[in-house]
Each structure stands twice: as structure tokens, then as C-alpha cells.
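Q: Given the sequences, and given the hints that come with them, work out the whole structure.
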Amino acid sequence: MTTIIPFGPQHPVLPEPVSLKLEIDNDVVVGVLPSLGYVHRGLEKFIDTKDYNQTLYICERICGICSALHGVTYARAVEKLFDVEVPERAQYLRVIWGELNRIHSHLLWLGLFADGFGFESLFYECWKYRESVLDIMEMTVGNRVIHSMAKVGGTSKDLSKEHIDLILKTLDTLEPKIKDIEKVFVNNYTVKKRLVGLATMSKQLAYEAGTAGPTLRGSGNAIDVRETEDWDIYRDLDFKPVVEKDGDCYARTKVRIGELYESIKLVRNAISKLPNGEIAVPIKGSPTGEAIMRCEMPRGEVVYYVKGKGTKNLERLKIRTPTFANIPSLLLTLPGAKLADVPIIVLTIDPCISCTER
Amino acid sequence: MSLAKSPWIIHVNCNSCNGCDIEVVACLTPLYDAERFGLLNIGTPKQADIMVVTGSVNYKSVNVLKNIYNQIPDPKVVLAVGACASTGGIFHDCYNVIGGVDQIIPVDAYVPGCCPKPEAIIDGVVAALSILENKKKGNIRGKEVKLKGKEVASNA
Ligand code: SF4
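Top line first, the protein sequences correspond to chains D and W.
Here the first sequence is numbered in the numbering used here, starting from 283 and rising by one per residue.
Here the second sequence is numbered in the numbering used here, starting from 957 and rising by one per residue.
Hints listed in this document are in silico derivations from the structure and should not be mistaken for laboratory results.
Owing to the predicted nature of the structure, the values given are computational and were not obtained by experimental measurement.
Coverage of chain W stretches by chain D, computed from C-beta distances (three or more under 8 Å per stretch; other residues unrestricted):
no.: 1; region: 965-971
no.: 2; region: 979-990
no.: 3; region: 1008-1020
no.: 4; region: 1046-1059
no.: 5; region: 1062-1074
DEER-style ranges, computed between Cβ atoms:
no.: 6; chain 1: W; residue 1: P986; chain 2: D; residue 2: S484; range: 34 to 42 Å
no.: 7; chain 1: D; residue 1: P288; chain 2: W; residue 2: Q1003; range: 13 to 21 Å
no.: 8; chain 1: D; residue 1: I574; chain 2: W; residue 2: I1096; range: 52 to 60 Å
no.: 9; chain 1: W; residue 1: V1082; chain 2: D; residue 2: E420; range: 19 to 27 Å
no.: 10; chain 1: W; residue 1: P1062; chain 2: D; residue 2: T570; range: 44 to 52 Å
no.: 11; chain 1: D; residue 1: I574; chain 2: W; residue 2: Y1051; range: 19 to 27 Å
no.: 12; chain 1: D; residue 1: S568; chain 2: W; residue 2: Y1015; range: 31 to 39 Å
no.: 13; chain 1: W; residue 1: V1082; chain 2: D; residue 2: T284; range: 42 to 50 Å
no.: 14; chain 1: D; residue 1: K459; chain 2: W; residue 2: E991; range: 21 to 29 Å
no.: 15; chain 1: D; residue 1: E509; chain 2: W; residue 2: K961; range: 52 to 60 Å
no.: 16; chain 1: W; residue 1: G999; chain 2: D; residue 2: S568; range: 45 to 53 Å
no.: 17; chain 1: D; residue 1: K461; chain 2: W; residue 2: K1092; range: 44 to 52 Å
no.: 18; chain 1: W; residue 1: E991; chain 2: D; residue 2: E490; range: 41 to 49 Å
no.: 19; chain 1: W; residue 1: I1096; chain 2: D; residue 2: P564; range: 56 to 64 Å
From the three backbone atoms N, C-alpha and C, an ideal C-beta is built for every residue, glycine too.
A: Next comes the structure, spelled out in C-alpha cells:
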């Protein structure tokens, strides 16, 4: 006989409300029924009443964790409608802030994940180091979490000489700290005991389930939009996707740690190549036509579809977020797992419910 | 006095964009270290004194919110963190958003900002502490918020 156990919407390990109805047979999960909608605000309809510049601020508030990249992706999509070329300096600035955003997001996740398996001091450690990235954000764009640095046509903020020195200095101190954290995540006996071999997805399965981001790359698929999409900048910056073969929770953790180093490298390279010049071009008129834009968020690939109808406000904005692509993988990996492992498996896709439900 | 020296908080994410949530969690981590005020973040409403709500209320989360509020023992204080929780914020016009938290349950203190800085949130919690102490002295009880029968069982 099976029992139904509700997981969420209010649950200690979940920062966000999502509800999973778990069908349990003797401590083992046999079925999962997710129920979404606790964070649905209706943003895709909401933009009807806003013009395309205001919509950017709404897009940034889809998710407070990856807000910088939401703003950048939206701006790039609308720029595609207008067919304008953004100044090179602005493109580099977007990459710098975008990658800093990824560092803060991954450190945040590592912390929450450590808390999820009961390693509280490691959680505090990760969040302590994350603060140094937020300090950079506060210094350079004026806010810790919602950055509002992108705008249609370029960026609204610029980096001064002092800012750049601060960023480089912070990264120099951050990198050895990440090495310390990495040692614990990779070598610690209890951590390994919890993660190795848990919720394994084969390369084929992860691909066919349509997963995205570290969940996909943790299973050996070298797919990263930063490499495949035609955003030329990343090619100049010597970017390589981080891939692990095993496909379990341990591998997905290692991918995220590897991406921290990769992002630090990208920020350094972008700063060393940062050209001088304008940071934005003026944009006139109203958008028409349709465009699709993709971007690699900390949690995976996001797809923006925008359609203009010749007025100031867009006719349609559609967003496919990475967590939406990753939730089906939970339905594949949770059955067969122990009830006690459910929080870890749910956390390992780095769920961002406010993105998914908008 | 003892209550105000060691209040336990429960964090409820109602309909927020995560921005405010991560700042609430950041308050508890070493740099801001709200635990020096005796605060403890706790998962269950039955042991909590201060309810920290982030995000506006929507038609699905409204019953979760009421349910959690009713389960917190008296005296209790509700702290609305962020523009969304205070008024509905940038999303107040959305079709699925009812509005600020105070439309549903009584709110004692507000922290403005989108999103507020951890310093501001801690300030709000400290303000909530004195309210909590006053409520205890005056023996002020929170009103039971009515739930809409069936939906509760299936949603929360
Ligand atoms: S107030 Fe701002 S940061 Fe906070 S939940 Fe609302 S939109 Fe997000």
C-alpha cells in the first residue's frame, strides 16, 4: 500500500513554495506529482500595459537571483527586433556583470545545498564568500540583488578604474576561498556519502528529458549556450563548458564548482580586453517583428521570444526558463529514491520557482 | 522580556521574486549575523513568534499564508519585507496578484525597498521585537483569519 506525503509548499529546505505530492511505498518514492502556481504573478500578460523599456525592469524581477542575465537577455532580444548593434564596451560590461551574477548564484546554491544535507557551517562559509561578490555589485551598480544595469541599447552603468581594481582584487581573494570550499564538497566523506550515485541520469536520458544547464552538463553533455549561441564575445574570452560524466548529484555539484572558476576566468579576460568607447546607443521608434534570444543562466538555458506590433509596448513576451526544463528530470530521478534524499534531489536541479511560474 | 531576547522567526515566501528571500537569508549568515539578537530561523509556524513575509499575495498562496498565520501562537508579529509584501510593489497590477500582505492578515511592521538591504531587514526585525513585547504585556491576540474550507486541505 502506498502513502501520499506532501512535500511543500512551506518546507524548511525550500526557499520557495513548490509542492510535490510524493507517493511513498515503505520509505521509497514510487510516484511524484508536482503542483505549481504559488508564485505565479502573470508577468507575460502584465507587459501589455508597459512599454518596451519598462518591461526590462519587470523581466529583472522575474527572479531576484539571476536578475542581471534576465535583463540582458531581454535587452538583447529587443535589440534584435530593432536590428541595432550594441557598442562593444557595453557587450563586455554585460558579460562581466553577468558572470559575477553567476558566481553569486552558484555560491548561493552551494550554500543552500550544504544546508539541505545538514552541513550548516559549510552553508555559512559559502554565503560569507558570496557577500564579497554582492559588495562588488553594490559598489558598481548600486544595489545588491536587483541590478538594473542593462538597458535596451547597451548598459546604463559604466565601470571606472577603481571599480575594475576592486573587482580584480576581490576575485584574487575569492579564488583561494573557493578552492577551500571545493575541497570540502569534493573530498569530505559525509558529503560524498550523501551525493555519490544519487539520482543518476545517463547522458542520453538527460538529453532526451530536455534538461538544461548544470543538470545537463553533469551528465556528460557538453551543451552550453555561451558556446553555441552566436554571442561572439564568449569566443574571444576563451570559454569552455564545464562537463562531468557521472550524472549524479555529486557530478552536478562539481559542475557548478567548476563553473565558478570558469566565470572568474571570464571576468578577468573580459576586463583585460575591455575596449573604450560608448556604453549605449540611442534607440528610436517602436519594435516590430519577432525575435528569439537564448542565454545561459546560472541554472541553464533561457529562451526569450518577443513580438512587436509597431507600438511602444510589445505584443507578446514568452519566456522558457531553465527550471521549467529541469522539473521533468525530477519525475525521472525521484522514483526509487529514499524519502530522506528527496530534498537533496530537488535542490540539485537548483530549482528557481519564481522564474518558472513568473 | 525573555521573548524579546530570543524570538524565533518563520520566513514565508508568498509570491516573491526571490530577491527579498535571499536577503532575508543573508541576514542570518555570518556577515550580518542576526542571530546575535537571539533570532533563530525556524521551519515550523507552531514554534515561531515573528512571521517574516516576502512577496505579494496571489490567489493560490493566499490560503497558505492564512494557514501559517493561524498556526503561530500568540503573541505574534507580522513583518512585511519588501515593496511586494508591503503594497504589491511592481506587480500590484498583475491579474493574479491580490496585493500586499496586509490585505489578508494584519501586518505590524513594513520594510520598504526592492529589495531591502539586510541592514534594513534587521532594523525591521528589531522594531518588530518591541511590538512583540508590547503585545505580550497588553495580552493582545491576533485574530483568527478565516479560511475558505476545502481549498485549504488540498493546498496547504
Ligand atoms: S520587493 Fe522587489 S526584490 Fe522583493 S520580491 Fe518584490 S520584486 Fe522581488
